[in-house]
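Using the sequences and the hints, build the whole thing.
In this text, residue positions in the sequence shown follow my numbering: the first is 1, and each later residue adds one.
Some clues are possibly wrong.
[To be verified] Pairs of lysine-lysine, PhoX-like flavour, derived with a Cα cap of 25 Å:
hint : residue 1 : residue 2
1    : Lys138    : Lys5
2    : Lys47     : Lys104
3    : Lys111    : Lys47
4    : Lys103    : Lys47
Since the hints were derived computationally from the structure, they do not count as laboratory data.
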Amino acid sequence: MLWIKSLHIVFVVSWFSGLFYLPRILVNLAQETETAATQRLLQMARKLYRFTTLLKFAAVLFGVWLWLGYGIGTGPGNGWMHAKLLLVLFVIGYHHACGSLLKKFENGLNKRNHVWFRWFNEVPVILLLAIVILVVVKPF
Numbered sequence: 001m002l003w004i005k006s007l008h009i010v011f012v013v014s015w016f017s018g019l020f021y022l023p024r025i026l027v028n029l030a031q032e033t034e035t036a037a038t039q040r041l042l043q044m045a046r047k048l049y050r051f052t053t054l055l056k057f058a059a060v061l062f063g064v065w066l067w068l069g070y071g072i073g074t075g076p077g078n079g080w081m082h083a084k085l086l087l088v089l090f091v092i093g094y095h096h097a098c099g100s101l102l103k104k105f106e107n108g109l110n111k112r113n114h115v116w117f118r119w120f121n122e123v124p125v126i127l128l129l130a131i132v133i134l135v136v137v138k139p140f
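Given below as structure tokens:
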């Protein structure tokens, strides 16, 4: 079980690293006016999004393995797990929102400015903080 838990942690950390950096690229795209730089940023964002998607699947796979295979968070007194799973769904939604925003940039349809993307960039920090607190403190 410790191997699976270790792999889950590594893939979650890696996934969140991508979720921290991808919106920063979107901030830069929202500010950029030069075509060559925009194309370079789009290429970086596409590659990061694809790689981050693979990390997401691995993180979820090992998390589900811990939950269903080893029973972590099951049974009475594990309300924290339900809250964590809800937040994980929000993280997955955020991940897909990043992909949707990237497609808008690729198609020249972005209507949001860099300030909006700066605020959008803070969402995964809050989600990660809440998830870690739930897992470590297990408040309910």
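Quiz item: Taking each numbered hint in turn, which are not upheld by the structure, reported in ascending numerical order?
Solution: none
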